[in-house]
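Produce the entire structure from the sequences given, and follow the hints as far as they go.
Chains Z and X supply the protein sequences, listed in that same order.
Quick note: the first sequence uses the numbering used here, first residue 1, plus one each step.
Quick note: the second sequence uses the numbering used here, first residue 1, plus one each step.
Think of the hints as simulated: they come from the structure by calculation, not from any bench.
Owing to the predicted nature of the structure, the values given are computational and were not obtained by experimental measurement.
Cβ coordinates follow ideal geometry from the N, Cα and C atoms, glycine included.
No incorrect hints appear here.
Only some residues are given here: those of chain Z computed to face chain X with a beta carbon under 10 Å: (1) 4; (2) 42; (3) 96; (4) 99.
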Amino acid sequence: GQNIDQPTEMTATEGAIVQINCTYQTSGFNGLFWYQQHAGEAPTFLSYNVLDGLEEKGRFSSFLSRSKGYSYLLLKELQMKDSASYLCGRLGDKLSFGAGTTVTVRA
Amino acid sequence: GAGVSQSPSNKVTEKGKDVELRCDPISGHTALYWYRQRLGQGLEFLIYFQGNSAPDKSGLPSDRFSAERTGESVSTLTIQRTQQEDSAVYLCASSLAGGAAGELFFGEGSRLTVL
Chain Z
1 GQNIDQPTEM TATEGAIVQI NCTYQTSGFN GLFWYQQHAG EAPTFLSYNV LDGLEEKGRF
61 SSFLSRSKGY SYLLLKELQM KDSASYLCGR LGDKLSFGAG TTVTVRA
Chain X
1 GAGVSQSPSN KVTEKGKDVE LRCDPISGHT ALYWYRQRLG QGLEFLIYFQ GNSAPDKSGL
61 PSDRFSAERT GESVSTLTIQ RTQQEDSAVY LCASSLAGGA AGELFFGEGS RLTVL
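Here you go:
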C-alpha cells in the first residue's frame with residue numbers, strides 16, 4: 001500500500017556499508033520510519049524522519065527527501081548481528097510498510 | 001504493563017473455526033494498529049484505532065475479519081470461518097499518538113496456523 005518500494009534482498013560483508021533505498025507516494029505524507037526485524041521477532045524502531053536531510057544515530061543513519069519521495073537507511077561498520085529485515089514505513093493518515101529488505105551480513 | 005502484550009502467542013486451529021486474538025497496548029497509548037505478516041513477507045496493514053475516532057478498517061481483507069477496541073485499552077481481532085490462507089503472524093502495535101509523535105511499539109505477535 002501507499003506505493004512503498006524497497007529492494008527485496010541485499011548482501012554485504014562484515015565491516016562494510018550498506019544503503020537501503022525506499023521510495024514512496026508523496027501525497028499526504030507525514031513522516032518516514034525505519035524498523036529492524038530479526039527473524040521470528042517483533043519489529044523494533046530505528047529512526048523517524050519528517051524533515052529533509054540526514055539523521056545520524058551511531059552506526060545507523062537515515063535520509064529523507066520529501067520532494068523526491070525518497071529515503072534511505074545507511075548501515076555502517078556492518079556486524080553479523082545486523083543481519084535482519086529492514087522495514088520502511090510511510091506515515092500518512094496511518095502507518096503503512098513496504099515489504100522489507102532482507103540484509104545478510106557475511107563474514 | 002511495560003510493553004504491548006498479545007495472546008495467544010501461538011494458535012493452531014482447524015479450517016472453518018473462529019479465532020480471537022487479543023492485544024493489550026501500552027497504558028496511555030491512544031493509537032493501536034493490527035498488521036498481518038505472512039512468512040518471509042512484510043507487514044500488511046489491517047486496521048487502525050485512534051482514540052475515539054472511527055477506526056480505519058481499509059486493510060481488512062474480507063468480512064470474515066473484524067476488530068474491536070474498548071476505549072483506549074484492549075483490542076481483539078476476530079477471524080471467522082478461518083481459511084488456510086489466514087495462517088500468518090498477527091502483530092499488534094501501539095503509540096502515544098497517531099501522528100508524527102507516534103513511534104510504534106510492537107507486541108511479539110500471535111502466530112496463527114490454520115490446518
